[in-house]
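K.L.:
So the chains spell out like this:
Protein chains: 2
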Amino acid sequence: MDSFILFIGLVAAGTTSASFFPQVVKVMKTKSTKDISLGMFSLMTFGVLCWLIYGILRKDPAVIAANVVTIVLSGIILFYKIRYS
Amino acid sequence: MDSFILFIGLVAAGTTSASFFPQVVKVMKTKSTKDISLGMFSLMTFGVLCWLIYGILRKDPAVIAANVVTIVLSGIILFYKIRYS
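Heads up: the sequence lines are chains U and P, in that order.
Numbered according to our numbering, the first sequence spans residues 15 to 99.
Numbered according to our numbering, the second sequence spans residues 15 to 99.
Don't read these hints as lab results, they were simulated from the structure.
A couple of the hints might just be wrong.
To be verified - Under the rule of at most 16 Å between Cα atoms (straight-line distance), these lysine to aspartate or glutamate pairs were calculated in the EDC-like manner:
{"#": "1", "chain 1": "P", "residue 1": "LYS95", "chain 2": "U", "residue 2": "ASP49"}
{"#": "2", "chain 1": "U", "residue 1": "LYS95", "chain 2": "U", "residue 2": "ASP49"}
{"#": "3", "chain 1": "U", "residue 1": "LYS43", "chain 2": "P", "residue 2": "ASP49"}
{"#": "4", "chain 1": "U", "residue 1": "LYS45", "chain 2": "P", "residue 2": "ASP16"}
{"#": "5", "chain 1": "P", "residue 1": "LYS48", "chain 2": "U", "residue 2": "ASP16"}
{"#": "6", "chain 1": "P", "residue 1": "LYS43", "chain 2": "U", "residue 2": "ASP16"}
{"#": "7", "chain 1": "P", "residue 1": "LYS48", "chain 2": "P", "residue 2": "ASP16"}
{"#": "8", "chain 1": "P", "residue 1": "LYS45", "chain 2": "U", "residue 2": "ASP49"}
{"#": "9", "chain 1": "U", "residue 1": "LYS73", "chain 2": "P", "residue 2": "ASP16"}
{"#": "10", "chain 1": "P", "residue 1": "LYS73", "chain 2": "U", "residue 2": "ASP16"}
{"#": "11", "chain 1": "U", "residue 1": "LYS48", "chain 2": "P", "residue 2": "ASP49"}
{"#": "12", "chain 1": "U", "residue 1": "LYS95", "chain 2": "P", "residue 2": "ASP49"}
Claimed, not checked - Per label pair, the in silico range of CB-to-CB distance:
{"#": "13", "chain 1": "P", "residue 1": "LYS45", "chain 2": "U", "residue 2": "LYS45", "range": "20 to 30 Å"}
{"#": "14", "chain 1": "U", "residue 1": "VAL39", "chain 2": "P", "residue 2": "THR44", "range": "35 to 45 Å"}
{"#": "15", "chain 1": "P", "residue 1": "LYS45", "chain 2": "U", "residue 2": "PRO75", "range": "17 to 27 Å"}
{"#": "16", "chain 1": "P", "residue 1": "ALA79", "chain 2": "U", "residue 2": "LEU52", "range": "38 to 48 Å"}
{"#": "17", "chain 1": "U", "residue 1": "PHE93", "chain 2": "P", "residue 2": "LYS48", "range": "12 to 22 Å"}
{"#": "18", "chain 1": "U", "residue 1": "ARG97", "chain 2": "P", "residue 2": "SER46", "range": "16 to 26 Å"}
{"#": "19", "chain 1": "U", "residue 1": "VAL82", "chain 2": "P", "residue 2": "SER17", "range": "19 to 29 Å"}
{"#": "20", "chain 1": "P", "residue 1": "LYS43", "chain 2": "U", "residue 2": "PRO75", "range": "33 to 43 Å"}
{"#": "21", "chain 1": "P", "residue 1": "LYS45", "chain 2": "U", "residue 2": "LEU52", "range": "17 to 27 Å"}
Ideal Cβ placement from N, Cα and C applies to all residues, glycine included.
The following block holds chain U by itself, in its conformation from the complex (with noise of 0.2 Å):
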C-alpha cells in the first residue's frame, strides 16, 4: 500500500479514537450528563465491541490496538451517562 494512504488510515484511526478522550474528561470534571445521548454511546459501545472481535477474528493488531483503547472510552461515558442521569 502507498504510504500516503497507509499515513492517512492511521491518522483517521488515531484521531477517531482520541476524539472520545475529551468527552471522557468532560463528563469526570462535570458529572453532568443530561445533553449526552444514552442510544450513541450504548450503540457505540456495542459496535466498537464487535470491531473488536473483528479485529481479533481477522488477527488485525491495528483494528485491535484502535478498538481496545476505543472501547475503554466509550464505556466510561457510557458508564457516567448510566450513574448521573
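For chain U, the structure is supplied; the task is to place chain P on it using the hints.
P.N.:
This is chain P only, laid out in the frame that chain U set:
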C-alpha cells in the same frame, strides 16, 4: 473471508455509524449541547473525513459508504454544538 467474520464487520460498521443518529435527534430536539464535548466532535468529524479520504484512495466502497453517513451525522452534532453554546 469467512462469512461470519464478514457479518461481524458489517454489524460493527453499521452500529458505529448508526450510533450518531440518536445524538443528532437529541441535539435537534433540545438545542442543548452543554454536556457535549466540542473537542470530541471536532476530532471525530476530522477523523471521519480522514477515513473517507482513505476509503476513496483505497477504492473501498464499504469504507466510503459508512463514512459518508457518519461525517454528515457527526458534522450536524458539531454544527449544533458550535451554534448553541
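K.L.:
Does each hint hold? Answer for all of them.
P.N.:
Do the hints match the structure? See the list:
no. : hint                          : in the structure
1   : LYS95/P - ASP49/U             : 11 Å, holds
2   : LYS95/U - ASP49/U             : 10 Å, holds
3   : LYS43/U - ASP49/P             : 11 Å, holds
4   : LYS45/U - ASP16/P             : 43 Å, violated
5   : LYS48/P - ASP16/U             : 42 Å, violated
6   : LYS43/P - ASP16/U             : 44 Å, violated
7   : LYS48/P - ASP16/P             : 44 Å, violated
8   : LYS45/P - ASP49/U             : 9 Å, holds
9   : LYS73/U - ASP16/P             : 13 Å, holds
10  : LYS73/P - ASP16/U             : 13 Å, holds
11  : LYS48/U - ASP49/P             : 7 Å, holds
12  : LYS95/U - ASP49/P             : 11 Å, holds
13  : LYS45/P - LYS45/U: 20 to 30 Å : 22 Å, holds
14  : VAL39/U - THR44/P: 35 to 45 Å : 23 Å, violated
15  : LYS45/P - PRO75/U: 17 to 27 Å : 42 Å, violated
16  : ALA79/P - LEU52/U: 38 to 48 Å : 26 Å, violated
17  : PHE93/U - LYS48/P: 12 to 22 Å : 20 Å, holds
18  : ARG97/U - SER46/P: 16 to 26 Å : 20 Å, holds
19  : VAL82/U - SER17/P: 19 to 29 Å : 25 Å, holds
20  : LYS43/P - PRO75/U: 33 to 43 Å : 41 Å, holds
21  : LYS45/P - LEU52/U: 17 to 27 Å : 18 Å, holds
Hints 4, 5, 6, 7, 14, 15 and 16, counting from the list given before, are not met by this structure.
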